[in-house]
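**Q** Sequence:
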Amino acid sequence: MMQILTHYLELRATFEPGVENEPQPITLEELANRLYCTTRNVKILLKKMSEQDWIIWKPGRGRGHVSELTFLVTVEDMISKQAMALASRGDYKGTIELIHQLGRGEALQDSFIDWLFSYFGYRAVENEERYKDILRFPVYKWLVSLDPALSFFAFDCHLINQIFDTLVQYNPQSKVVEPHLAHYWDISEDGLHYTFYLRKGVLFHHGREMTAHDVHYSIQRLKESGRQVSQRWMTDCIENMKVLNRSAIAIELKQPNVLFLQQLAQSSLAIIPEEICRDNEQIFGRMPIGTGPFRLESNDDYICKLRAFDNYFGVRPHLDQVEIWLLPHDLSEVGPSWDTVQVLCDDTNSRKPVGALGKDSEWHQIQQSMLGCSLLTFNRNKKGPQQHLHFRKAVDLILDRERMIDELGGLREAPASSFLLTRGRNGRMREHCTDFDEARRLLDEMGYNGEPLRMFIYSYNNDDANWIIKQCAKVGIQVELITKSKSDMMHLHTILDADLIYYHMCMESDFDLHVIQTLKESNSYVRAHLTDERMAWIDDEINQILLNANQEERMSKLNEIIEELQDEYSFLFVYHRSLQTTFHDSIRGVTINDLGWVDFRKIWLAPKA
Numbered sequence: 002m003m004q005i006l007t008h009y010l011e012l013r014a015t016f017e018p019g020v021e022n023e024p025q026p027i028t029l030e031e032l033a034n035r036l037y038c039t040t041r042n043v044k045i046l047l048k049k050m051s052e053q054d055w056i057i058w059k060p061g062r063g064r065g066h067v068s069e070l071t072f073l074v075t076v077e078d079m080i081s082k083q084a085m086a087l088a089s090r091g092d093y094k095g096t097i098e099l100i101h102q103l104g105r106g107e108a109l110q111d112s113f114i115d116w117l118f119s120y121f122g123y124r125a126v127e128n129e130e131r132y133k134d135i136l137r138f139p140v141y142k143w144l145v146s147l148d149p150a151l152s153f154f155a156f157d158c159h160l161i162n163q164i165f166d167t168l169v170q171y172n173p174q175s176k177v178v179e180p181h182l183a184h185y186w187d188i189s190e191d192g193l194h195y196t197f198y199l200r201k202g203v204l205f206h207h208g209r210e211m212t213a214h215d216v217h218y219s220i221q222r223l224k225e226s227g228r229q230v231s232q233r234w235m236t237d238c239i240e241n242m243k244v245l246n247r248s249a250i251a252i253e254l255k256q257p258n259v260l261f262l263q264q265l266a267q268s269s270l271a272i273i274p275e276e277i278c279r280d281n282e283q284i285f286g287r288m289p290i291g292t293g294p295f296r297l298e299s300n301d302d303y304i305c306k307l308r309a310f311d312n313y314f315g316v317r318p319h320l321d322q323v324e325i326w327l328l329p330h331d332l333s334e335v336g337p338s339w340d341t342v343q344v345l346c347d348d349t350n351s352r353k354p355v356g357a358l359g360k361d362s363e364w365h366q367i368q369q370s371m372l373g374c375s376l377l378t379f380n381r382n383k384k385g386p387q388q389h390l391h392f393r394k395a396v397d398l399i400l401d402r403e404r405m406i407d408e409l410g411g412l413r414e415a416p417a418s419s420f421l422l423t424r425g426r427n428g429r430m431r432e433h434c435t436d437f438d439e440a441r442r443l444l445d446e447m448g449y450n451g452e453p454l455r456m457f458i459y460s461y462n463n464d465d466a467n468w469i470i471k472q473c474a475k476v477g478i479q480v481e482l483i484t485k486s487k488s489d490m491m492h493l494h495t496i497l498d499a500d501l502i503y504y505h506m507c508m509e510s511d512f513d514l515h516v517i518q519t520l521k522e523s524n525s526y527v528r529a530h531l532t533d534e535r536m537a538w539i540d541d542e543i544n545q546i547l548l549n550a551n552q553e554e555r556m557s558k559l560n561e562i563i564e565e566l567q568d569e570y571s572f573l574f575v576y577h578r579s580l581q582t583t584f585h586d587s588i589r590g591v592t593i594n595d596l597g598w599v600d601f602r603k604i605w606l607a608p609k610a
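Remember, the working numbering sits 1 above the position in the sequence shown when you count from 1.
In case anyone wonders, no lab produced these hints; they're calculated from the structure.
In the SDA-like style, the derived pairs of lysine to any residue whose C-alpha atoms are separated by at most 25 angstroms in a straight line are:
1. K487 / N463
2. K201 / H214
3. K383 / I470
4. K384 / D489
5. K558 / D541
6. K176 / F314
7. K487 / T532
8. K487 / L412
9. K176 / I543
10. K82 / F121
11. K82 / H8
12. K394 / A474
13. K48 / E21
14. K224 / P180
15. K487 / I304
16. K49 / Q83
17. K59 / C38
18. K255 / D191
19. K383 / S460
20. K59 / H8
21. K603 / G315
Restraint-style ranges between C-beta atoms, simulated for each label pair:
22. G411 / M447: 33 to 41 angstroms
23. G410 / T40: 48 to 56 angstroms
24. R279 / D436: 53 to 61 angstroms
Even glycine gets a Cβ: it sits at the ideal position worked out from N, Cα and C.
Please construct the entire structure, taking both the sequences and the accompanying hints into account.
**A** Set out below in structure tokens:
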């Protein structure tokens, strides 16, 4: 069916819009040319399309009589009906595959969009044993990798945290490190020797018990990874590791590191099963196995499906299943606003659009500031005008952040002068002013002659990037916009090929570690675009910071580093954004984590009275 449908859409695209139910004169030879096949095959295709009631074909009789082709179904109807038919049979993968291959957002009917989005939300499905609670939601971002060692993007990290566990956990409320896979640990007085004691009976999803050998393998694997693995720096402080027995491991550091426990709580250092990863490393990022509260049931280009792990050593999730539908990005512009996850009830009569939330509404909305901000980096390792301080300052002077937020709207919240909404030097916000005349003067003084620059972005940053490009054009700066995939933007050679990179970075509650991470990880756009001298200076400063047990003093020193880079306009802070989730009154336990996603482990459905 898919093949004949593709032929129909290809054929329909060769005719003018709006000609449905109007006979179109055409010969078999012309149809063969349009479909790049023989006249014999054209006859077979026309017969199949006629049997589906998609067309009426009237062949011409005799010499000089032209045949007539009448289209009976619009492209929008065709895609929508076929997708609905697949979904009604439970073939959700086929539904999404059809949308990806044949449909664009603007080519799909409003009724189909409404129907499609009615499938999303929280569902309680009754089977023979008990109710099965399912959360199904769409995302417009591709998963890059679920391998902890390759964790880089916020959504990937969020799913990794559902599938895997770490030795310890950082509690953002109490701001302390708590036991997790390790139930206890010892630290020597000199801060160089750590001994971790593991919980017994913790099972991986394939049924084997987790041991200290898996811990050793997981950490050593990251330590021995190449430069392209961004989080390898977290293991640079490790001198040696020794498995003491199945439930204990000793780790020796090169020098004291007061954030070492927090580093072990990061998703990149999650514990993986040695034999599964070693024997299947090429596919481990697609179909990983961990010890987490959810196990990965399937993962392809269309649907990622998680199922609760009944043998989880901690508290089993209330949800039984999570389905993540990976939809084309252009659908985000025509469908409902799912800025993170809108948790919906299965009572479709209760569905309310976002914005229709009154005080008596059955719907609730959580909106909170996102930790992090959008950044514009300048590649100081590549020849071009961005090497000049005057150029970088000129770009800063023409970016009116307040105006950008007002004009583009959405969840853009406030101009940024630091990674965090309320932090600058000594906790004060850095003032910003807009001055086009001064920007032009600086460009003239440096001798800028309109040399073009290339800005790399992800597709979902398109509106922001185009706004910035228009501002640049007002002072004669030419910027070419180049959209890259997430997987491309993980490679250092791609990062170094850009003159500018615009992106939004997410931070977590342990701010000092995540600022350090931004300055240290190998494919951080901020770090990669700095000069070698600046990188070496940062590394020396951070080595000293990691010796300091006082968090306020650590943050003060980190702010000094950021301020010095800001004085050079090495990168520009642009704005902070907020996140929101809308959910029905029957849905409980809804919270947004630091990564901007609802924690699947905590959601549950309150039955109707």
